[in-house]
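Assemble chain B onto chain A, guided by the hints.
Protein chains: 2
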Amino acid sequence: MFVLSSPSGAGKTTISRLLLEKDNNLEMSISVTTRPRRPNEVEGKDYYFVNQAEFSKMVANNELLECAEVFGNSYGTPEKMVEHALERGRDVLFDIDWQGTQQLAKNRREDLVSIFILPPSMQELERRLHSRGQDSKEVIAGRMAKAANEISNWLAYDYVIVNNDVEESLASVKSILNAERKKRIRQHGLTDFITNLLK
Amino acid sequence: MFVLSSPSGAGKTTISRLLLEKDNNLEMSISVTTRPRRPNEVEGKDYYFVNQAEFSKMVANNELLECAEVFGNSYGTPEKMVEHALERGRDVLFDIDWQGTQQLAKNRREDLVSIFILPPSMQELERRLHSRGQDSKEVIAGRMAKAANEISNWLAYDYVIVNNDVEESLASVKSILNAERKKRIRQHGLTDFITNLLK
Chain A
1 MFVLSSPSGA GKTTISRLLL EKDNNLEMSI SVTTRPRRPN EVEGKDYYFV
51 NQAEFSKMVA NNELLECAEV FGNSYGTPEK MVEHALERGR DVLFDIDWQG
101 TQQLAKNRRE DLVSIFILPP SMQELERRLH SRGQDSKEVI AGRMAKAANE
151 ISNWLAYDYV IVNNDVEESL ASVKSILNAE RKKRIRQHGL TDFITNLLK
Chain B
1 MFVLSSPSGA GKTTISRLLL EKDNNLEMSI SVTTRPRRPN EVEGKDYYFV
51 NQAEFSKMVA NNELLECAEV FGNSYGTPEK MVEHALERGR DVLFDIDWQG
101 TQQLAKNRRE DLVSIFILPP SMQELERRLH SRGQDSKEVI AGRMAKAANE
151 ISNWLAYDYV IVNNDVEESL ASVKSILNAE RKKRIRQHGL TDFITNLLK
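Going line by line, the protein sequences match chains A and B. Per this note's numbering, residue 1 is the first one in the first sequence, and the count goes up by one each step. Per this note's numbering, residue 1 is the first one in the second sequence, and the count goes up by one each step.
Just to be clear, a hint being listed does not mean it is correct.
As the list makes no split between identical chains, a pair holds if one copy fits it or if it spans any two.
[Stated by the list, open to error] Straight-line alpha carbon distances no greater than 27 angstroms define the calculated DSS-like cross-link-like pairs of lysine-lysine that follow:
#, residue 1, residue 2
1, K22, K57
2, K57, K137
3, K183, K106
4, K199, K12
5, K199, K80
6, K146, K183
7, K137, K174
8, K199, K146
9, K45, K183
10, K199, K183
11, K174, K12
Derived from the structure by calculation, the hints contain no laboratory data. Owing to the predicted nature of the structure, the values given are computational and were not obtained by experimental measurement.
Extracted from the complex, chain A is given alone in its bound form (with noise of 0.2 angstroms):
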């Protein structure tokens, strides 16, 4: 389980897209949300679009691993989901923020590992908002205080990267995949290959 957090705008979601285009065995967990969707946004690929009512309901059901209020819309990781693909060997990889991240280390902290994406400069920040176009001012602002907040959280996180450059960027998460993918206690076949080198 691979948590990818950032503050919006600092580069999170085009080095996951970049990441999982090339990474076989990885997979993005598709959250639900009782946020509208927005044009470009496609049902079951960027998110489950529910409403309300739906949304407490898998809260009293204790179905989701995390959940969080952002901006007045619920945002929350379905179990199920997650386990059905670890199940099958695969990683996981979690575009959330660090109140997500903090639900989900209680519950499965020796499975995690968490990535922090820092913007180079808050100014940089609030460039790369504008320039995509797609929030009003008052949103931005917004998303520009909850950076910070972001941020000041960054002691939560196994791995910090100051993202300068996208492509030195995704190489960084790379390497962090592959290292963790060498450990010795996630590489759940080891005990035997060795048995059987040593007999």
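Showing chain B alone in chain A's frame:
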């Protein structure tokens, strides 16, 4: 501090050499040894060659971070040179066995990253030892026995790589180095960077 261990012949020396060629922030820890110099070895590059009296004096003066006896010869890591490299912000690579790794870990646990390189099979290991053309049959038999003992201590390591292919294993080691350098706790300038970011 990166430790790269493996049974003799599993590929550690080749991987270390290739790694050091490309990584400008990494340097090899040079051990002292009482072993006779081999024809292709250079004093101060491969080892510092000392006699038993000089070695014993270093042990008595507590100048070694770790030391071990292998096939009747003594090996050790002089602390002063390691400290000097770390102070200049360099990473140091160690080519030591599991007992040395344990000693280092005891002194400097939070600093240490240990990688164990396994041969794909014992047959392949023996083949590689023969094809080096460096050791007599008896020495090879000794190395094979020591290899089994080394491998049985694989649990002492953070990362494990099965060396089927040198290029692939080299890429894995590079990933581990890059990833470890992105760990929050290893990035000493990060607190200042974030304080500045949020100012």
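Each hint, compared with the structure:
1. In this assembly of identical chains, the alpha carbons of K22 and K57 never lie at most 27 angstroms apart, being 36 angstroms within a copy and 55 angstroms across copies at closest.
2. Taking CA atoms no more than 27 angstroms apart as the test, K57 paired with K137 passes in neither setting, with 34 angstroms inside one copy and 71 angstroms between copies.
3. Proximity of K183 and K106 under a CA criterion of 27 angstroms is satisfied in both settings, with 21 angstroms inside one chain copy and 20 angstroms between copies.
4. Taking the shortest alpha-carbon separations for K199 and K12, only the inter-copy value of 23 angstroms comes in at or below 27 angstroms, while the best intra-copy value is 47 angstroms.
5. Within a single copy, K199 and K80 get their C-alpha atoms no closer than 40 angstroms, and across copies no closer than 42 angstroms, so neither meets the 27 angstroms cut-off.
6. For the identical chains of this complex, K146 and K183 are inter-copy neighbours only, at 24 angstroms across copies versus 34 angstroms inside a copy, given an alpha-carbon limit of 27 angstroms.
7. Neither within a single protomer nor between protomers do K137 and K174 lie at most 27 angstroms apart by alpha-carbon distance, with minima of 34 angstroms and 43 angstroms respectively.
8. Proximity of K199 to K146 under the C-alpha cut-off of 27 angstroms is restricted to the inter-copy arrangement: shortest distance 15 angstroms between copies versus 57 angstroms within a copy.
9. Taking the shortest alpha-carbon separations for K45 and K183, neither the intra-copy value of 31 angstroms nor the inter-copy value of 31 angstroms comes in at or below 27 angstroms.
10. Taking CA atoms no more than 27 angstroms apart as the test, K199 paired with K183 passes inside one copy only; the shortest distance there is 23 angstroms, against 37 angstroms between copies.
11. In this assembly of identical chains, the alpha carbons of K174 and K12 lie at most 27 angstroms apart whether taken from the same copy (13 angstroms) or from different copies (23 angstroms).
When each numbered hint is compared with the structure, violations occur for hints 1, 2, 5, 7 and 9.
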